[in-house]
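Those sequence lines, one after another, are chains A and B. Residue 1 is where the first sequence starts when you use the numbering used here, and the numbers rise one by one after that. Residue 1 is where the second sequence starts when you use the numbering used here, and the numbers rise one by one after that.
Take these hints with a grain of salt, some might be off.
Computed cross-link-like contacts, SDA-like style, restricted to lysine to any residue with a CA-CA straight-line distance of at most 25 Å [stated by the list, open to error]:
{"hint": "1", "chain 1": "A", "residue 1": "Lys-125", "chain 2": "B", "residue 2": "Ala-120"}
{"hint": "2", "chain 1": "A", "residue 1": "Lys-125", "chain 2": "B", "residue 2": "Lys-62"}
{"hint": "3", "chain 1": "A", "residue 1": "Lys-80", "chain 2": "B", "residue 2": "Ser-157"}
{"hint": "4", "chain 1": "B", "residue 1": "Lys-123", "chain 2": "A", "residue 2": "Pro-126"}
{"hint": "5", "chain 1": "B", "residue 1": "Lys-62", "chain 2": "A", "residue 2": "Tyr-56"}
{"hint": "6", "chain 1": "B", "residue 1": "Lys-81", "chain 2": "A", "residue 2": "Gly-32"}
{"hint": "7", "chain 1": "B", "residue 1": "Lys-77", "chain 2": "B", "residue 2": "Asn-145"}
{"hint": "8", "chain 1": "A", "residue 1": "Lys-81", "chain 2": "B", "residue 2": "Lys-62"}
{"hint": "9", "chain 1": "A", "residue 1": "Lys-81", "chain 2": "B", "residue 2": "Ser-157"}
Simulated from the structure, these hints should not be mistaken for lab results.
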Amino acid sequence: MKGQAALFDGIFLLIIVMSAVAMLFQFVYAYGQSQDQALRSAYVLDYTQSIMKSIYYIDVGAINSDLYKGKAIDKCSDLKKWAGSGSVAECIKLDAEDGRLNNKGASCGKVGLTAIQCLLHETMKPFLYSGYSYTVELRTQSGSIVAFDEPVSNTNTLICDTINASEIIAVSTPFRILKGGATGTIDISKLTICVWAAGR
Amino acid sequence: MRLGFIGPLGDDIPSIFPVVAGVLLFFASIYTASIRVDERNNYISLKRAGIDIAYSAMITGKLTQEEFDDLCSASLKEVAKRNAVYFAVTIQDCCLDLCRQTTAAPGKKGFTICVRDSYAPFKSRSDFKICTNEELIKRGLYPKNFVSFAYPIAIPSLGSYIGPYGPIYFSPGIVNVVVWRGKIGEKQ
Numbered sequence: 001m002k003g004q005a006a007l008f009d010g011i012f013l014l015i016i017v018m019s020a021v022a023m024l025f026q027f028v029y030a031y032g033q034s035q036d037q038a039l040r041s042a043y044v045l046d047y048t049q050s051i052m053k054s055i056y057y058i059d060v061g062a063i064n065s066d067l068y069k070g071k072a073i074d075k076c077s078d079l080k081k082w083a084g085s086g087s088v089a090e091c092i093k094l095d096a097e098d099g100r101l102n103n104k105g106a107s108c109g110k111v112g113l114t115a116i117q118c119l120l121h122e123t124m125k126p127f128l129y130s131g132y133s134y135t136v137e138l139r140t141q142s143g144s145i146v147a148f149d150e151p152v153s154n155t156n157t158l159i160c161d162t163i164n165a166s167e168i169i170a171v172s173t174p175f176r177i178l179k180g181g182a183t184g185t186i187d188i189s190k191l192t193i194c195v196w197a198a199g200r
Numbered sequence: 001m002r003l004g005f006i007g008p009l010g011d012d013i014p015s016i017f018p019v020v021a022g023v024l025l026f027f028a029s030i031y032t033a034s035i036r037v038d039e040r041n042n043y044i045s046l047k048r049a050g051i052d053i054a055y056s057a058m059i060t061g062k063l064t065q066e067e068f069d070d071l072c073s074a075s076l077k078e079v080a081k082r083n084a085v086y087f088a089v090t091i092q093d094c095c096l097d098l099c100r101q102t103t104a105a106p107g108k109k110g111f112t113i114c115v116r117d118s119y120a121p122f123k124s125r126s127d128f129k130i131c132t133n134e135e136l137i138k139r140g141l142y143p144k145n146f147v148s149f150a151y152p153i154a155i156p157s158l159g160s161y162i163g164p165y166g167p168i169y170f171s172p173g174i175v176n177v178v179v180w181r182g183k184i185g186e187k188q
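Next comes chain B alone, as it looks inside the complex (with noise of 0.2 Å):
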């Protein structure tokens, strides 16, 4: 009878298999892992920048467009830097287009859902100009990945009648704040 290869190296060759097997997964195991530690980091500290953009959005309940304005250029953008993001906040009427009725087949009851265009929170109301440290968006270019948040908030219309405010009155509309990291058009 042929023996295979014995002595000190030859013992040992099947056990190589298990062990290169288990080093191997072992390492791309703490790579898979590390990748996805690092995507939930990035991901909470957009969440949280996000939270803090529209805490500082949000701090009366109303906007006007002036105060839209300064509340941009003196704390907005200021807050963005500080968490190294790139925003935008626009202003919205409120739920126009975020609930629609369906319709409904002849004999039955239509139901109400909530779409939103998926770019539909950097879009702002005609008469309030958008906020954001991202020039393109204004061109209509839009970063792949972003995290959004909607508040509601009293803004000004004009109505027929005269109220506390003049000609001017609060009708409920919606704040979007949207985050990115990444300047547009680049990985992100």
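Bound-form chain A, shown alone (with noise of 0.2 Å):
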């Protein structure tokens, strides 16, 4: 009997070590998984600040190659004509002095929205393989949405209020607007893009 007992010891304590090891896997399997997320969301808020910076730089002309061809981007391929008219930014900013971004300014702001479309089609296409959506919106200095003739998505969002997902990157500039032509009034709006994971 005595051998009996022990044998039950030892079987208990190896029921007890193979619960604290479970644990411990357990513990070891989510490790650090916290950090990595953090450091994910890290990576793509740098690379959405790193494109909203170049989109001052970036000339409109540039954004025109063969890849851009697709279903409803083939238009990208006539910015070329552009070249040397202004940055993507300059050409959304005079599209944008009537009020909406529709591709009628004066100058490349006849290609305002067309310019940011396709620089974001380009750019983000690394994120879009990945299960990343993306939106743009531009509010003016009272807040109100300034209207797009078509999304600046890879979606139908429009704005960043009505996505629908856990976490949400946004990455937002000043953007002055001269309203009204060259004595009009400034209006410092802010551009935004917004980028979440789809179907978390």
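Each chain sits in its own coordinate frame; assemble them with the hints.
Right, dumping it as structure tokens:
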């Protein structure tokens, strides 16, 4: 009887050890995941910031490649003829002078909406193939939305407020628009890019 | 009937096997877990170092060769030194080798795929020098394990028209940041 009791003690110890090991592996599996998630978000944020900074320099005529040819973006190749007329940011500002982003403005303002659509279509490709989505919105100083004739997004989402996702990364930049031409008033608008993982 | 080894020691012999198995399992698990935690820590710190270096490289939205050279010696190498990592930062034209249209079968549509040569991040645009603290990269030797990041940026191209920066205009480019630990050729 004493031998059986000792054997039970041993088996009981083994059960305790196995439970401890199970908990240990559960901990190890989860270890670092939140840090990894934070670093991934930091990467998406830096990436989006980098797009936002580069639109002030990238020439509108430089966004024209056969790579852009697709269903709704054949128009991107037309941007070539606007080479040298301004950066993407300048073209958006010229386009938005009338209070809408509709490819109707002075000079390269005639392709402001197309320019931002084509630039984001290209630069966001690595994220799109990873299941992310994006949208762009422009708000005036008073907070009202500047209407776009077509969404600058890979979905039909027009504004960031309507995104249904657990985590949204948004990067904004002050965007001075001269409303009403050269004699008009300066409206300090805000251009925002929102990025989110679809289905999360 | 012949009884087995009975006595204070004999009674405990059967229990030795589960006890030994339990102790071995416990220590083996601790050892495996510590290796996994170390690997994870190393990966996270490497990733953080990469993001640190990339952040320094992306301070402005554009990079010319002169700015790249200044940044390399003044900032990037210092950040890498502080994080105790090897790194390489290269600049490429945007996306030319990132996504390709597949050849379509007759009557079917091709699709776009993103494929990259594993070592593409180490290859710089011909007129841009590579910024690194490991000279072996320039001789075509690459580390086995590395973490890489790519960011969009405006890079100068020579245009046939005169823009605000002269005959130079800015086009979309990619900054590749690659980080790793251990000298190339050594165990990493």
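Taking the hints in turn, this is what the structure says about them:
no. : hint                  : result
1   : A:Lys-125 x B:Ala-120 : holds, 17 Å
2   : A:Lys-125 x B:Lys-62  : holds, 20 Å
3   : A:Lys-80 x B:Ser-157  : holds, 14 Å
4   : B:Lys-123 x A:Pro-126 : holds, 19 Å
5   : B:Lys-62 x A:Tyr-56   : holds, 9 Å
6   : B:Lys-81 x A:Gly-32   : holds, 24 Å
7   : B:Lys-77 x B:Asn-145  : holds, 20 Å
8   : A:Lys-81 x B:Lys-62   : holds, 23 Å
9   : A:Lys-81 x B:Ser-157  : holds, 16 Å
No hint from the list above goes unmet by this structure.
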